[in-house]
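Visitor: In the order they appear, the protein sequences are chains A and B.
Residue numbers for the first sequence follow the numbering used here, beginning at 90 and rising by one.
Residue numbers for the second sequence follow the numbering used here, beginning at 104 and rising by one.
Be a bit skeptical, because a hint or two may be false.
Claimed, not checked - Over the 12 Å line for every Cβ pair with chain B, so calculated as not near, a few chain A residues:
1) L93
2) N95
3) E115
4) Q128
5) A133
6) T136
7) Q138
8) G140
9) R145
10) K151
11) C176
12) H181
13) V188
14) P196
15) Q203
Said to hold, decoys possible - Selected chain B positions facing chain A (Cβ under 10 Å, derived; list incomplete):
16) L114
17) D177
18) S184
19) V187
20) D190
21) A191
22) L210
As the list claims (entries may be wrong) - Examples of chain A residues lying across from chain B (beta carbon under 7 Å, computed):
23) L116
24) I117
25) F120
26) Q121
27) E123
28) L124
29) G152
30) S153
31) I200
32) T204
33) V207
Keep in mind that the hints were calculated from the coordinates and are not lab data.
Note that the Cβ used here is the ideal one computed from N, Cα and C, for glycine as well.
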Amino acid sequence: METLGNIIDVDQLRRNTSGDRELLSELITVFQQELPSMQSALLAGLTQQDGTTIGRAAHKLKGSLLVLGARCAATAERLELQARDGCGAAVHDLSAELVLKVAQVIPALRILLQTGEV
Amino acid sequence: MNVLIADDDNLMIRLLSTAFQKAGFATFVAFDVVQATMAVRRQRIDAVVFDMAMPGGSSADVIHRLKLSKKTGDIPIIVVSGIVEPDARKRILAMGADDFFPKPPDLEDLVISLRRLTDNAPKSRTTNSIARAS
Numbered sequence: 090m091e092t093l094g095n096i097i098d099v100d101q102l103r104r105n106t107s108g109d110r111e112l113l114s115e116l117i118t119v120f121q122q123e124l125p126s127m128q129s130a131l132l133a134g135l136t137q138q139d140g141t142t143i144g145r146a147a148h149k150l151k152g153s154l155l156v157l158g159a160r161c162a163a164t165a166e167r168l169e170l171q172a173r174d175g176c177g178a179a180v181h182d183l184s185a186e187l188v189l190k191v192a193q194v195i196p197a198l199r200i201l202l203q204t205g206e207v
Numbered sequence: 104m105n106v107l108i109a110d111d112d113n114l115m116i117r118l119l120s121t122a123f124q125k126a127g128f129a130t131f132v133a134f135d136v137v138q139a140t141m142a143v144r145r146q147r148i149d150a151v152v153f154d155m156a157m158p159g160g161s162s163a164d165v166i167h168r169l170k171l172s173k174k175t176g177d178i179p180i181i182v183v184s185g186i187v188e189p190d191a192r193k194r195i196l197a198m199g200a201d202d203f204f205p206k207p208p209d210l211e212d213l214v215i216s217l218r219r220l221t222d223n224a225p226k227s228r229t230t231n232s233i234a235r236a237s
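Sequences are here, hints too, so could you generate the full structure?
Guide: Next up, the structure:
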């Protein structure tokens, strides 16, 4: 069981949003809307065994995750770098890890928003 | 003062727009390098905040072209990018960018840089019609 602090760097999130809860709520909504297309791009890269597409998808996902203070931005960055060397087993493993971790981000953010911790 | 945010990440756009608007800037958005180029040439833009990894072409080429042009060469360009190379800052400044921030940027420092660069920039550009982004 992950704690919220393991999923979200709350200090980073506070710095990004300057404590503006309305902005955070909007960012969560935008991320929720954007996530399917970002994940589709990643999946397309994996299906095509295309390291460039995977790297690009990971890079874009990383950008959004950094905005949200999501610690799995580091996983996205590792994937981005790994994908430069092609589409081997490590890329598939990191992609799976990233998808699992990303799934925790929105629920964690919603809890933080509801509890007023940000 | 009008700031163009050129980034294909909607979250980053929201974050930067909010920070810049709170600081008193009007913000405009481009989602790819073509839109960014068009916006700078057609609208009165006082500064550009640019992502390096955008669709539609090379951001590096756009920065280079804007800086070489008599019409746009004095527009400050700040790059905010998630690129991971250790010499990214040096490389981006060498391209002609005026400042560089890794993602996620420290928003206070970014606004300070934006203010400094727009205060120092010549005020001679003409004003055309502006389509403000929401």
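Visitor: With reference to the structure, classify each hint as holding or not holding.
Guide: Hint check results:
With a minimum CB-CB distance of about 19 Å to chain B, A/L93 clears the 12 Å threshold, and the non-interface call stands. Here A/N95 stays apart from chain B, with its beta-carbon at least about 19 Å from theirs, past the 12 Å limit. Under the 12 Å C-beta cut-off, the non-interface status given to A/E115 relative to chain B is violated; the minimum distance is some 6 Å. Distance check for A/Q128 against chain B: the nearest CB is about 15 Å away, which clears 12 Å, and the non-interface claim stands.
Taking the minimum C-beta to C-beta distance to chain B, about 15 Å, the non-interface status of A/A133 holds against the 12 Å cut. Consistency note on A/T136: stated as away from chain B, and its beta-carbon is indeed over 12 Å from all of that chain's, at 20 Å minimum. Interface exclusion of A/Q138 from chain B stands, the closest Cβ pair being 21 Å apart, more than 12 Å. A/G140, annotated as away from the interface, keeps every beta carbon of chain B farther than 12 Å; the closest lies near 15 Å.
Listed as outside the interface, A/R145 is inconsistent with that label: its C-beta sits roughly 7 Å from the nearest C-beta of chain B, within the 12 Å cut-off. Its closest Cβ contact with chain B, about 6 Å, brings A/K151 to no more than 12 Å, contrary to its assignment away from the interface. Listed as a non-interface residue, A/C176 keeps its Cβ farther than 12 Å from every Cβ of chain B; the least gap is roughly 19 Å. For A/H181, the shortest C-beta to C-beta distance to chain B comes to about 21 Å, beyond the 12 Å cut-off, and the non-interface label holds.
Separation of A/V188 from chain B is adequate, the least Cβ-Cβ distance of about 18 Å exceeding the 12 Å criterion. Distance to chain B confirms A/P196 as a non-interface residue, since its nearest Cβ pair spans about 17 Å, more than 12 Å. With a cut of 12 Å on Cβ distances, A/Q203 stays outside the contact zone with chain B, its closest approach being about 20 Å. Checking B/L114 against chain A: minimum C-beta separation of about 4 Å stays under 10 Å; hint holds.
The criterion of a C-beta within 10 Å of any C-beta in chain A is not met by B/D177, whose closest approach is roughly 29 Å, and the hint is violated. Given the 10 Å rule on beta carbons, the hint for B/S184 holds: about 9 Å separates it from the nearest Cβ of chain A. The restraint placing B/V187 at the interface with chain A holds, with a minimum CB-CB distance near 6 Å, inside the 10 Å limit. Hint on B/D190 is violated. Least Cβ distance to chain A is approximately 15 Å, over the 10 Å limit.
The interface hint given for B/A191 is broken, as the beta carbon of that residue sits about 13 Å from the closest beta carbon of chain A, more than 10 Å. Proximity of B/L210 to chain A holds as hinted, the smallest CB-CB distance being about 7 Å (cut-off 10 Å). This hint holds: A/L116 has a C-beta 6 Å from the nearest C-beta of chain B, less than the 7 Å allowed. This hint is violated: A/I117 has a C-beta 9 Å from the nearest C-beta of chain B, more than the 7 Å allowed.
Below 7 Å, beta-carbon pairs count as interface contacts, and A/F120 has one with chain B at about 6 Å; its hint therefore holds. Because the smallest distance between the Cβ of A/Q121 and any Cβ of chain B comes to about 11 Å, over 7 Å, the interface hint for this residue is violated. With a least beta-carbon distance of about 6 Å to chain B, the hint placing A/E123 at the interface is held under the 7 Å criterion. At about 10 Å, the closest approach between the beta carbon of A/L124 and any beta carbon in chain B exceeds 7 Å, and the interface hint on this residue is violated.
Using the Cβ-Cβ criterion of 7 Å, the hint placing A/G152 at the interface with chain B is satisfied: the shortest such distance is roughly 4 Å. Annotation: A/S153 was flagged as interfacial toward chain B, and the flag holds, the nearest CB pair being 5 Å apart, inside 7 Å. With a least beta-carbon distance of about 19 Å to chain B, the hint placing A/I200 at the interface is violated under the 7 Å criterion. For A/T204, the interface hint is violated, the least distance from its beta-carbon to any beta-carbon of chain B being 22 Å, above 7 Å.
With its C-beta approaching chain B no nearer than about 14 Å, A/V207 sits outside the 7 Å limit, and its interface hint is violated.
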